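Engineer: Residue numbers (our numbering), protein chains in the order written: chain A, 1 to 425; chain B, 1001 to 1425; chain C, 2001 to 2425; chain D, 3001 to 3425.
Some hints here could point you the wrong way.
List of simulated lysine-lysine pairs, DSBU-like, C-alpha gap at most 30 Å [what the hints assert, rightly or not]:
| no. | chain 1 | residue 1 | chain 2 | residue 2 |
| --- | --- | --- | --- | --- |
| 1 | B | 1088 | C | 2207 |
| 2 | C | 2088 | C | 2183 |
| 3 | C | 2423 | B | 1207 |
| 4 | B | 1207 | B | 1423 |
What follows is a set of in silico ranges between Cβ atoms, one per label pair, in the way DEER data are often shown [what the hints assert, rightly or not]:
| no. | chain 1 | residue 1 | chain 2 | residue 2 | range |
| --- | --- | --- | --- | --- | --- |
| 5 | A | 7 | D | 3191 | 39 to 45 Å |
| 6 | B | 1276 | C | 2190 | 48 to 54 Å |
| 7 | A | 200 | B | 1276 | 54 to 60 Å |
Everything labelled a hint here was simulated from the structure, so no lab data went into it. Bear in mind that the values here come from a model prediction, so they are computed numbers and not experimental data. Just so it is clear, CB atoms sit at the ideal spot from N, CA and C, and this is done for glycine as well.
Number of protein chains: 4
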Amino acid sequence: MNIHQVNGNERLRRLINDCLLVRKQTTDICARISLEDHVVQPIADVSPPKWHLAHTTWFFEELILLRFASSYERLNQQYQLLFNSYYKSAGQHWLQAHRGNLSRPTVAEILHYRTYVDSALVDLSANVSANAELLSLLQIGLHHEQQHQELLLMDIKYILASNPHCPSYSDTQLVKAQPADDKWRNFNEGVYQLGSDGKHFAYDNEKPRHRSYIHPFSICEKTVTNGDFLEFIIDKGYSAPRFWLSIGWDWLSINNIQQPLYWRQEGSVWYEYTLHGLQTLDLNAPVTHISYFEADAYANWRGMRLPTEQELEIYLSSAVKAGVNTAGIAEHTSMALTDVLQPYASDASTGQVWCWSKSHYSSYPGYQPYQGVLTEYNGKFMCNQFVLKGGCIATPKGHYRHSYRNFYAPQQRWMFSGIRLTKDI
Amino acid sequence: MNIHQVNGNERLRRLINDCLLVRKQTTDICARISLEDHVVQPIADVSPPKWHLAHTTWFFEELILLRFASSYERLNQQYQLLFNSYYKSAGQHWLQAHRGNLSRPTVAEILHYRTYVDSALVDLSANVSANAELLSLLQIGLHHEQQHQELLLMDIKYILASNPHCPSYSDTQLVKAQPADDKWRNFNEGVYQLGSDGKHFAYDNEKPRHRSYIHPFSICEKTVTNGDFLEFIIDKGYSAPRFWLSIGWDWLSINNIQQPLYWRQEGSVWYEYTLHGLQTLDLNAPVTHISYFEADAYANWRGMRLPTEQELEIYLSSAVKAGVNTAGIAEHTSMALTDVLQPYASDASTGQVWCWSKSHYSSYPGYQPYQGVLTEYNGKFMCNQFVLKGGCIATPKGHYRHSYRNFYAPQQRWMFSGIRLTKDI
Amino acid sequence: MNIHQVNGNERLRRLINDCLLVRKQTTDICARISLEDHVVQPIADVSPPKWHLAHTTWFFEELILLRFASSYERLNQQYQLLFNSYYKSAGQHWLQAHRGNLSRPTVAEILHYRTYVDSALVDLSANVSANAELLSLLQIGLHHEQQHQELLLMDIKYILASNPHCPSYSDTQLVKAQPADDKWRNFNEGVYQLGSDGKHFAYDNEKPRHRSYIHPFSICEKTVTNGDFLEFIIDKGYSAPRFWLSIGWDWLSINNIQQPLYWRQEGSVWYEYTLHGLQTLDLNAPVTHISYFEADAYANWRGMRLPTEQELEIYLSSAVKAGVNTAGIAEHTSMALTDVLQPYASDASTGQVWCWSKSHYSSYPGYQPYQGVLTEYNGKFMCNQFVLKGGCIATPKGHYRHSYRNFYAPQQRWMFSGIRLTKDI
Amino acid sequence: MNIHQVNGNERLRRLINDCLLVRKQTTDICARISLEDHVVQPIADVSPPKWHLAHTTWFFEELILLRFASSYERLNQQYQLLFNSYYKSAGQHWLQAHRGNLSRPTVAEILHYRTYVDSALVDLSANVSANAELLSLLQIGLHHEQQHQELLLMDIKYILASNPHCPSYSDTQLVKAQPADDKWRNFNEGVYQLGSDGKHFAYDNEKPRHRSYIHPFSICEKTVTNGDFLEFIIDKGYSAPRFWLSIGWDWLSINNIQQPLYWRQEGSVWYEYTLHGLQTLDLNAPVTHISYFEADAYANWRGMRLPTEQELEIYLSSAVKAGVNTAGIAEHTSMALTDVLQPYASDASTGQVWCWSKSHYSSYPGYQPYQGVLTEYNGKFMCNQFVLKGGCIATPKGHYRHSYRNFYAPQQRWMFSGIRLTKDI
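When you get a sec, could you build the whole thing from the sequences and use the hints?
Structural biologist: In structure tokens:
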């Protein structure tokens, strides 16, 4: 056994250990909600938390244990059907919109499944030799689990908000945001390098590093606040078709949309549902839970525009990133849930909300998707989705990076989405 | 206090006691399922069991305690919205199809609500004097609770069957049915008295007693069996439009209906999901969980027809009713869940399944609906529903009576519905 | 050739001649509209007039000529697919909702098809000997054509009203209705004979003559007027769920129904679209184009009820029928379009509108459907439809008879439907 | 009057004359179909031809005559509502999906409307002085009319194909395509200038001219043929989810898509519906009427990709454009319908079909939308649409230009869309 192998094995052990720590955080997130909260699916986009607990576990089972742990056996043959999200090359999968129809397996059975798989990962750590593919898949498994942590918090927020009395997720006191000035930063025209620089983990869709010609632009350091957005509402922005995309106006009309997802008006007072319960609207906090349609309409109303994803990446790369740890996996395990729920931190430049870009989610020049089952991880969603950049209060620390490409359909609102205004110069 | 009042108060105490015993059976029914099973709503028709637990409790609160218990206060103001099923005169109600979106209140909170209301009923028993309206409402509350016991068993069956591995509700062994002969009974033409005779409790829709002219008919003592129905399938009855109602054929085509709701075919073997789990199809047992469309098509295929509700009531009144207790409330409390789950009892004439009639659910001549909130109990559903008569294995004993009019829409199948063939003579 | 045959052949010739005269009226109805009006299908229920022209022709081709005219050949093989309405035993048929997608065959081609078939009927008259089945089918073909004449006028009205400027069908002046008193007529309890008495043509669903026990009732000679119905609107009847059937209230809410189909309010003035164009609302004329839901809600608001179909038939049989010719086919040919468009004739007792009954459309005791293809004519629609009795201004004279059973789904409104109030006595 | 004004007025006269010539071609296109073909709307995307005739006329009335012709009066006030397509700043507009519900105005009335507006344009030519805005709007009006000529041919094709016997639009003989070799052309990496160079008319969305960094690519001179595409079908490409976008697979499954829009299989023979009627499939002709989903799946199956819109524009600019006249308005009037219907011309490099790009339709850097009503012309559709480049057999000659950006939603197929394969080098 040469020195490379020793280092490889040591890296494997540390990585599996990281995975287990991250997986522990997933169950921690769910520990704060009732068992009943684990089961419901109020809209098709929002999966039952117990499904997330099981699906992230299935991911390790299907992609890693069944291939690299020689004697591993599935705990339950049906979980392959039930907890495969959408990988058609891994067999049939349960329809997403019907996840909330399943009362079984119970939460206890799913937690047992998690323990079963975690235990197999520990065994794997002891018994297998490192190789590049295994290390790569473990990294993906870890980041996949982190993605679902953010989804869990989005889904839990939606589930709790669907109950008329709007229960809180967290009992801690929500700190009000500080007012901030609109500062604008200018960027010069020219060819920029974009995409993952290869120093940290990145998904296939962030690669390859490539060139892009950028025209001069100015971008605001502060994201649009609730107070800013309220002016749009007061100015009847939701009733003026000239600000809206055509299908955005149809969406608004059919669904009778009049404000961001979690805003409530009672008499003359505005409230916002947060993970800390219903709160009076914090005018200095970033507006969030808005669709692309609303973000675009707001920018039009201001006579500006949304940035491209390239502009956002250039901005994020140049921003002073105080308080945002971008170093990747190693730091990930320092994420504490109290942090996750500290919304609206002081440095507005770091992005407390995912910022909508005007860029359609598409492949980079020279894009090479993952091989095998994971080829379905990213590429097949490159249609009718827009890129969001940055991160939000629910994003695990190890999941922040400038090259990260989040994406949602233009009508979706249950993620922590916001607006960073841009203009041509 | 005169003797009438004494008897009235004694009757009140006994009635409240009956209510409490019946309510205890409701929680007993739910004690056999997992907490997760209480929460889901796989289709709009099927309510989450925890909703039934709460709604039947709200019924006593809204209609009895708030009016007759002087110091009673609602446990929670929101329950009025959440657990009112459809009584618009009692204020706004939560949309039926969205019951499964509510993760809160939790099951524990709802069980506490039941205890709170039960306790208030005990207090009422001690503190209030009997009067006719109170006695009447308590009787309705008791029968309403029994109705929901049957609904609970229907809904639990559907919920459990929605999980791919088809868990059982009951661990007891399912007894196979005995073969029975087709015996036909003839009835003469003439004027018959129908509807409640006033000797037992009856809903408003069973009244008044009235006359109906009946043409001569012959009706089968045995309900159609799984074996009988299988012949229809083998003869490609589901592919022959000539047997089907026009909207039935559309329904079948759109939903790709090929067999009764809980039948499954694997290779050449037929199974039926039951409350005792998946079982090989019992050819001698009555076919059940079929729509009006299927019942009507089957009868057409046989060259016969479905009976009218009048014919079924005449038949039921004349049948030897061994094993069917029709004496009403007093006996109700002897119902045990083991009985509920004894399917397919030996005497086929007593109706192990609700039999579809060809009669539209409509009001009797001289019909007087309940007054007040309860005016919405029955009358407003008299459109596009068909009457079913008899009772089934999930019907509480005190809920059987010849005048009982059950009703469902022609496409519904999740109740224990079956077929009793009839012909003109 | 004996005397029976001679009479039979003479009857055959007269009947074919009647058919041709009736068929001429069909094209007369369409002669008043533009070619473009023949083509559109604004809702699924409303067929393009050119479809009616073709379908009634196909009916003679399919059921009579292909069987009895030895050398008859279809004009076009595709017409079998395109112009079969719903007879599945006659092969595949074009989807009803897609009739308006067909631009071809053109109106000219369809008129040629009519001529082709009419000519074949003339030949048949000369060449074939009468037999019972042929005579029966010709009668049905004639009445079928008349049914479609009324449908044509209903559909044309809907099509014209779908254009914002509401063009008129007829240029004649609409005569205002005369006020009439509410007179009530009482009927005794007892057994009545109902259904076709066999003296005139009747469809299978009007048979057999049978007995029915009727409870005492009182019925209004005058149908509800626009003025009466306006009071219901002013009293906010469309906003009060207590008057409405449950699914009626859902229908009203989803479709934002606030008034009868063709009423329009501009400022404080009410208008009604008629075949004579938009008119100020005639308060003395019968309210029409209302759903079963609206009819039932109105009756509830009045503290009364809708009649059963038996009650309506008894009433119609006893009414002085001045101005209503009920003698059948022979008189049919005297129908003139000017008559068809004489709405609101003086004698309100004769029924200028079809009156909704509270009776579900079902088969009579001993019902025997037509054999062969025509078995699909009536029976397969006996689900979720209600019987209407009487006739309306668009009903051909030869189509009025007391035993006639018209039927529509409870939400449909484009026929000339109205209300005749009834109460128990 | 100075020389500029003289030239301006001369230019104005010529431009109005061009408009009238182009408008004449619009009615020529419709002269070949039946009156009934003008009326129907088989799917929401496909407008009735009479609507196109009226809408293009309304465009001149609303944007030019009402502003520049001092005494112009609308022919009919309702046409503003009925023939405004989607310009909300020009008032309310009729719902697109309901255009086929309108039987009125008749085709004759609409042709009269065209004459009325054409006559007013002639008057304008005589009476008004040229100014930049008027000249610009006339140019837009002319190109708008040309856009609708192509839409008319697309819609007419769909309408005719909706009739089971598939009538032809043109009686001329369809010339079979010649086989061509796959030739690939390589392009170097670097910064390219893209967008309208300002020498010819261009819409706002083609501007401004801007730089884009392009990575090296190779593009095929031949578009994918029917024969090529048939291999994909034979290889079961429509049944293999791995080639498909996620929402593409859902679309395919729900709509049971198995081949291009107008392909029909009878036994082992493939046919394609064309404007010349149903033809056996021409294996050398370009595949057309395919969705973005199908184009993308085909490219994936080949191991290649769709080009970006930049790549297509670079390719088109460099291609030898024999037979493709790109000089703009002046030549436009030489378009003859016989040319329009010459499909599949010999030079495959010129694009007989619009080629799907993988680029989402979005605004260029520095984009300035039209002002006023026309601000809604392009910008508000920049969501969930993909750019197609090139042109097709139905594109008027004056409408071809390299900078042209056509756009459709990824599921749409009724335009003449095709595939030009590309690969990274």
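Engineer: Out of the numbered hints, which ones does the structure contradict?
Structural biologist: Numbers 1 and 2 - these are the hints that the structure violates, sorted from lowest upward.
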